[in-house]
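**Q** Using the sequences and the accompanying hints, generate a full structural model.
Plus 28 on top of the position in the sequence shown (first one is 1) and you've got the numbering used here.
Here are the simulated distance ranges between beta carbons:
(1) Pro107 to Phe40: 15 to 21 Å
(2) Lys153 to Asp62: 33 to 39 Å
(3) Gln108 to Asp62: 30 to 36 Å
(4) Leu95 to Asn134: 35 to 41 Å
(5) Val132 to Ile36: 43 to 49 Å
(6) Cys140 to Pro30: 44 to 50 Å
(7) Asn110 to Thr45: 16 to 22 Å
(8) Ser160 to Leu95: 24 to 30 Å
(9) Pro30 to Val54: 17 to 23 Å
(10) Asn47 to Ile89: 40 to 46 Å
(11) Pro33 to Ala150: 42 to 48 Å
Derived lysine to any residue pairs resembling SDA-like cross-links, with alpha carbons at most 20 Å apart:
(12) Lys76 to Glu91
(13) Lys41 to Tyr103
(14) Lys76 to Ser97
(15) Lys41 to Val54
(16) Lys76 to Thr138
(17) Lys76 to Glu58
(18) Lys41 to Asn29
(19) Lys153 to Gly133
(20) Lys41 to Gly104
(21) Lys41 to Ser53
(22) Lys153 to Leu126
(23) Lys41 to Trp102
(24) Lys76 to Tyr130
(25) Lys153 to Arg129
(26) Lys76 to Leu95
(27) Lys153 to Leu128
(28) Lys76 to Pro88
(29) Lys41 to Ser101
(30) Lys76 to Cys127
(31) Lys76 to Arg61
For the record, the hints were derived by calculation from the structure and aren't laboratory data.
Given the structure is predicted, the values throughout are model-derived calculations rather than measurements.
Note that beta-carbon positions come from the ideal geometry of N, C-alpha and C, so glycine has one too.
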Amino acid sequence: NPEDPTSIQFAFKSDLTGNAGFLWSVWADEGLRDPALADYNDHFSFEKAGSPYPDHQYYPIQEINLLDSTCRSWYGFEPQGNEVGLCQIYAPGEGHRLCLRYSVGNVSFTQCSDVCAPECTAVGKISESLDSYCEPCTLPE
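**A** Right, here's the structure in full:
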């Protein structure tokens with residue numbers, strides 16, 4: 029951007045999206061640098077990836093490092109709110125997080141999302157060993 033050296037402008041031919049609009053996000057990866065893995069969260073558990081937050085149970089960062097990304101923003105249409113990776117826009121207040129419960133034999137494990145969202149749609153029993161539920165949380169200010 030010639031008017032602001034701290035920003036970047038992107039341009040592309042409108043034939044790519046037509047009038048449908050699109051979602052976009054940005055990744056910066058100086059760690060794994062493996063585009064064949066697409067979304068790293070599909071290949072690494074939270075425990076194996078690690079967390080940058082010192083108070084988090086999976087601190088420190090492990091296998092996924094030197095990575096930064098943005099949520100997905102939109103252009104040319106009004107999102108429904110359930111698009112994968114969508115930037116969350118909401119007012120502070122009461123919210124919900126999605127939790128998954130895995131059960132194998134006598135062992136159960138529960139993992140809840142770190143994202144507090146205005147709404148949560150749990151499907152209940154997903155399979156013999158997996159079910160989901162919503163847990164209350166507070167939307168940040």
